[in-house]
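Chemist: What follows is the residue order along each chain.
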Amino acid sequence: MLRIGIDVGGTHTDAILLQGGSVLAAAKALTSRDVSSGILDALEEILRHEAGIEQRIEAVMLGTTQFTNAVVERRELAEVAAVRIGLPSGRGIPPKTGWPEDISRSLGDHVYQLHGGYLYDGWPLAALDEREIESLIGDLKARKLTAVAIASAFSPMNPEPEKQVARRIREALPHVRITESHRIGQLGILERENAALLNAGLLEFAARVVDSFESAIRARGLGCRFFISQNDGCLMDADFARRFPALTFASGPTNSLRGACKLSGLSEAIVVDIGGTTSDIGVLRDGFPRESNIVIDVGGVRTNFRMPDILSIGLGGGSLVSEGGRTVGPLSVGCELVTRGRVFGGDELTATDIAVAAGHAEIGDPERLGGLDADTVAAAGAEIHRMLNAGIEQMKPGSAPLPVVLVGGGAILVREPLAVASTMLTPEYSGVANAIGAAIARIGGEAERMISYERIPRQDAIRELTLAAKRNAESAGADPASLLVADIEETAISYMPGNVVRLRVKVTGDIARRKEGEGGQYQPRAASSSRAAQTGGEAEL
Amino acid sequence: MKLNAESLPDLSSGAVFLATGGGGDPHVSLLAARQVLAEHGGVELIPVDELDDEAFVAAIGSVGAPTTSLELLPSTDDPAKALAIFEEHMGRKLDAVVSFEIGGGNSLIPLIAAAGRGIPVVDGDGMGRALPEAQMMTYPIAGIPSTPAIALDYLGNTATFATDSTDTYERHIRAMAQAMGGMITTVEHPMSGKQLKSSVVPGTVSFATEIGRILRQRRGNARRILAPLREVFARSLYGEPIHLFTGKVADYSSAIIGGYDIGKAIIETFHGSGPKLEIEVKNEYLLARIDGQVAASVPDLIAILDFETSTPINAERLRYGQRVTVLGIGCPAFYRRQKALARVSPRCFGFDIDYTPLEDLTAHHQPLLAG
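Protein chains in written order, with the working numbering: chain A, 1 to 541; chain B, 542 to 912.
In short, the hints are calculated from the structure, not lab data. A portion of the hints provided could be inaccurate.
Here are a few chain A residues that sit away from chain B, every Cβ distance over 12 Å (derived from the structure) [said to hold, decoys possible]:
hint, residue
1, Q19
2, G52
3, A78
4, P94
5, G117
6, A151
7, D309
8, G409
9, P427
10, E474
The calculated label-pair distances, taken between Cβ atoms and stated as ranges, are [to be verified]:
hint, chain 1, residue 1, chain 2, residue 2, range
11, A, R167, B, Y861, 47 to 55 Å
12, B, G862, A, G223, 52 to 60 Å
13, B, R888, A, D460, 38 to 46 Å
14, A, P100, B, P769, 38 to 46 Å
15, B, G862, A, E367, 43 to 51 Å
16, A, Q164, B, P769, 48 to 56 Å
17, A, D102, B, Y861, 42 to 50 Å
18, A, A172, B, E547, 25 to 33 Å
19, A, R105, B, D618, 22 to 30 Å
20, A, H360, B, P769, 56 to 64 Å
21, A, G345, B, T850, 55 to 63 Å
Computed footprint of chain A on chain B, listed as stretches where at least three residues anywhere in the stretch have a Cβ under 8 Å from a Cβ of chain A [as the list claims (entries may be wrong)]:
hint, region
22, 614–627
23, 683–697
Even for Gly, the Cβ is constructed at its ideal location relative to N, Cα and C.
Just chain B, with the same shape it has in the complex (with noise of 0.2 Å):
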């Protein structure tokens, strides 16, 4: 299947709303990925099982704090150019290019790589969704090594990492990310096709453009577009979209901290009186909770929309004053197992409290009213 600049508006806004807050500012991402699609007239999206066992395939994405995108633009010929450069690397051709993170701006970042080097990329990511750091992703998770992986930042600068294991990258290129600018292109987890089959959370790519289009076509607030958004889960890997609350942002604060945006949401009702809704952030929305009850927390997904359109809100876009419809889904399987729930829990944030699938949360959860 070809993807051409005309499908990237429905993939971005698919890829906000399963960002979960995270993933990178989309707007400077498809600006450069619509010019780069129609320069090289599209991009081949491959699925999973069509792939090559024996192929070589490499995970490419941006890695920082979402804020900095807002000023320090990416360029469209850099994602090519760290493609060639772990190429070089490992002296050896890459044969396709795989998603980090199905979110935000990472989500068009391989395509604008596969594009400008002639390859195709590959329908799928490395999570299902955003997050922050590196052992988080599927494909450490099933054992594949980070390293050898490379850096590269705005000035063409780079840095090539092996590490022994995952978390001893994840702080290398952390501190690069702070050192490089705040934001760099990442390619890592240099893979075989089988190795990535048996990793990867497949459909992602197709899935969140069709999640873009029902956002488009049925465009307007969660009474509107909640039953259709359903059916299109309903055919997925994920559960089913739940309404947790809808209200107003009564109180937003962030910073970058460390290489991340980190702060906290507070969403009270349009009314003001009644239940709050509080959003700990660290790049994405990691728990909700409300008064205090747990409501939805990683790695479920936390989704804030535009009350009115719908329009999922990133992190970096959220403010005071802004009327919001929030949804919790349930995460693909692969991150309810034992062995990806010691990477994703929320004690893996610093949270006090054991991961509790969001279906068994509705109690705390606020009816959509009618009307």
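If we strip away everything but chain A, and leave its shape as in the complex, we get (with noise of 0.2 Å):
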């Protein structure tokens, strides 16, 4: 099938045409300011490819570091009412204690905490109370609020007073924009809340960008499948995107490791992306990111995003290099290696310079490099690559040598076999990996259960939410041959009788391709919505 990816970051915008396994075409266009202007011109180059071909394009698929780059600015947030349900616990702790001065202050100051939520136990930990509601509603009018973010004490296991608190929100207030924190993220109050702060912060920067991506994608003739991309690299839906833009935080790394998946035809790898400051290492297992649980600060706010495990080195291509060669980085011209390194004319030694004078590399001006002894040289490149051989050890799954894939500029630094790499291969297109890691994601569909393996075997409850999960991922858009596990999370719950886990199964699947008949404005409902459909609370089998 044809389709197009899209990686909207901040200062480039890349599209690729895609059919089947190879890449038609590939372009590189500036990131505009209004967002589509950007898109259009890529848009233009790469159906450029040939006439008419608008009609035969399946589906587009846009990756963006937009929201990141929002929350990390502190730029385009609105103003959000913060309401933890969990009085009388954290007195004196309210939603967003211990937050950068800045981004609390974008977000306004408007903190609410109600009575009610659950123990560990299932226990109620209050009631909810009726005239806090009511005081809420009441504020939120006054103070003409459109965005909302709800908290409550162990909504994982129990989300109904989030529930509640937002059905009765909307009934009174249609207008206003709600996140509901068990919709978001997992165990650990602060952090989730932090999350569904953030993504609600961003509901109406979301509803404008993703519109303009939306338009230009359709002022271009394209009147096909649109999904964005997600951290976990799966796609969601306009849709879906237009309520949770927080799930595409960190979708950035995610692209580019699926995309030097798709370039280099390996899904045991790993991938080492080298730009101008740093090195991102990542590993694929099974085609896909390996994702890290650690706690992840998004522009300062502590979330727990399930994100790809990524180990960031400070060696790019404009590290600097210390007398002698014997250090590089992780101090970096960045951006500014064009003016600032010395084949560009500049003063400072960069690590692209050494790749320069190793004759790796025919970047700006070798004649600019004269005087560098060789000693330097040699030293310098001895360190970048013990650097790299370091970083992968780390991260690498196994014992036994892994492939290595380069993708981005700084892959002129590696001028040897990695000693960790049992390959070492720098594919064509390496330099838009995040378009292709976005026009190869997958849709996701996911389910969820309180189960009593007392009462249904561990296996036979496994095949159950498997198949509910299958269901949700076709509904969603996924081609049902081609549906995998990715993946099967078992929760203990301790505190009930009989031996009772949350158990979660979460399948992937290609797209599937549009049915004879079918409109070209066909849009699936929400390509990962089961994800919060099926997050029930106490619901068994």
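Assemble the dimeric complex from its two separately framed chains, guided by the hints.
Modeler: What follows is the structure, encoded as structure tokens:
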């Protein structure tokens, strides 16, 4: 099938045209302020590949760092009412405690703590208080707030209080956008609440940006399905992205890893994305990024999003090389490489200069490297390889050497096989790996239930949930024949008798081909909303 | 010496290092302590030997399963409220408070309480680390009765305890913790300044702060941090930090059982081949075995650090796939005496082994590779 992958980064917008496994065309444009004209520029170039090809394109997948950047740069964030349901616990530690001043201010001073929530053993922490809900709604009205984030204690085990308060707000103020924390995070109320707050703050921007993504694509005559990629390598449709923009955080590294997988044809490999300042090392396992589980800061705010396990080391094309070449990085001239690097006429000795001096790359003017001694070049070259080897060694899942795939502009720094690599490749189109990763992102479906293994044998329960997850993925637009189980997660609920676990099954599959006679405007309802729909409370099989 | 909000991050991270996995999530307590200390202009930290022999002191902290603290948040006014309830119960004002354990969140709760009541906090604690049960504290081991004691829950419900032994007291507070939401604040072990001097592990609040400062200033992997850490420990009551293992968390499972977090972690080398380290958890990291051979055991300390930054990781934050370095540290001499080992040896936790000091187990430790 014919599809388009787009990567809207902070600086560049890349687009690729993909047919089955092969790249037909690739383009790079500058990201525009309005986002859409950058997309149009890149689209224009790849669609030139063949006249009238628009009609045959079956899907457009877009990856973006717009939402991550908005949080990091504290722009485009709406004021949000932060509603925590957990009193009388947590007095004196209101939502946003410990946030950096600037981002806390961006979301405004609208903090509410209500009675309610549950305890670890399912006992109510406190009852919801009708008057508190009324007064919250009155306040939202008076302050003309349009975004709300709600988090209640132990909501991953019992989300009822979040749902009830959200329902009440919706009834009174239908225009208000609400993020319920149980839809976006796991155990750890502060991190989950933070994720919900960032998401709620982005909702208005998301509506605008996703609209402009969509209108750019439609304006160019593409009436096909349109998806946005999320941090776990799966796709969401435009409607879901409007509601959960925070799920795009870290989709950049995910797409880069997935793109490297596609370009190299390898599903078990180390991927090293060498940029100007850092090298990001990730691991492909079964063709997907290995995930990290530590608490991750997004723009200084603690969250618990599932993100790819990336080791960033301070080595890139702009890394500064010390006297004699003994150290390389972590300081870097970054994007000023093209003015400050020696081959570009500057005064700083950078890793790129070393690569050029070693005859491994042809960039800039090698004449400007006169006087650089061979020992320095050799020492810096050895240090670059030592750093990469050490980083890869830490990330490698086993003792056997693994293939290493190099992507990103800094791949020229590597001039000899790395000792830890069984093979090393820098595939064609590795500069647009992110757009390719977006183009091949999969459709996911999840199902989650509380189950007593004493009542339902474990294997039966897994089989049943797998079927439910597959149904969800299929209705979200996945090809049923391609569905594979991606993850099975069991959490023991120790307080309940009868060996009770919370079982979650996730399946992913390729996007289904458009059926005969189906209109170009086909839009699946939600590629991933199955997560939300199925994350029920106490339902048991 | 005055402790203020600025000194708390170092204290908290050093206390997680000494906590051997337990003591509760320090992040929430740190947020609470920062606010309370900022509000009250800090808290007085009093060295053990400056405490009056006639002073009236009690120990304060949280009891329960640390995982609970991820969802059931503490309240900033609870610790001071607990002290007030205790004073009313005893009919006497406290002159100072002291920590149960210099571990995780529990290292900060006495500060929050003392600041709120305007009294000093003693520079020392009752464990020199974190341990899961009351009878394992130095105070009862030295013969100080645990009760009268009080417990306060998140709702403001209280319970009072008058028991004939610390074992009984432990059973009672554990049952109350389970019934009161999984995590309670208790004030216990009322004692005189003189009694405290004979039982406390001295200097641990300032020592934890010093460890935290090293972890921050020398942030980096074990190769970078081990030498400066050893310098600091050489001037302490503890033994030398010893590298046990470096690798990836290959498996970790835990559950809240009987009011504790019970679990087991398996750590493999980065290569995946070679020896494996297995760690038994009951709130704290209690026993480390490398391919079945004991590498370190309670009461010696086992610290799990993030490989890249050497940030100590509490058990409730330990996750599959994390890259970690595991260190062992000899406990203070108090815990190696027979009377203390009767309370805290591996057998007290149901492991069928005798305690062997960490320094006698070096044959089983993995070398810290250079490069």
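Chemist: Work down the list of hints and note, for each, if the structure agrees.
Modeler: Now for the hints, and whether the structure bears them out:
| no. | hint | in the structure |
| --- | --- | --- |
| 1 | Q19 | holds, 36 Å |
| 2 | G52 | holds, 48 Å |
| 3 | A78 | holds, 25 Å |
| 4 | P94 | violated, 10 Å |
| 5 | G117 | violated, 8 Å |
| 6 | A151 | violated, 10 Å |
| 7 | D309 | violated, 6 Å |
| 8 | G409 | holds, 25 Å |
| 9 | P427 | holds, 26 Å |
| 10 | E474 | holds, 29 Å |
| 11 | A:R167 with B:Y861: 47 to 55 Å | violated, 36 Å |
| 12 | B:G862 with A:G223: 52 to 60 Å | violated, 42 Å |
| 13 | B:R888 with A:D460: 38 to 46 Å | holds, 41 Å |
| 14 | A:P100 with B:P769: 38 to 46 Å | violated, 29 Å |
| 15 | B:G862 with A:E367: 43 to 51 Å | holds, 48 Å |
| 16 | A:Q164 with B:P769: 48 to 56 Å | holds, 53 Å |
| 17 | A:D102 with B:Y861: 42 to 50 Å | violated, 34 Å |
| 18 | A:A172 with B:E547: 25 to 33 Å | violated, 44 Å |
| 19 | A:R105 with B:D618: 22 to 30 Å | holds, 26 Å |
| 20 | A:H360 with B:P769: 56 to 64 Å | violated, 39 Å |
| 21 | A:G345 with B:T850: 55 to 63 Å | violated, 38 Å |
| 22 | 614–627 | holds (count 6) |
| 23 | 683–697 | holds (count 3) |
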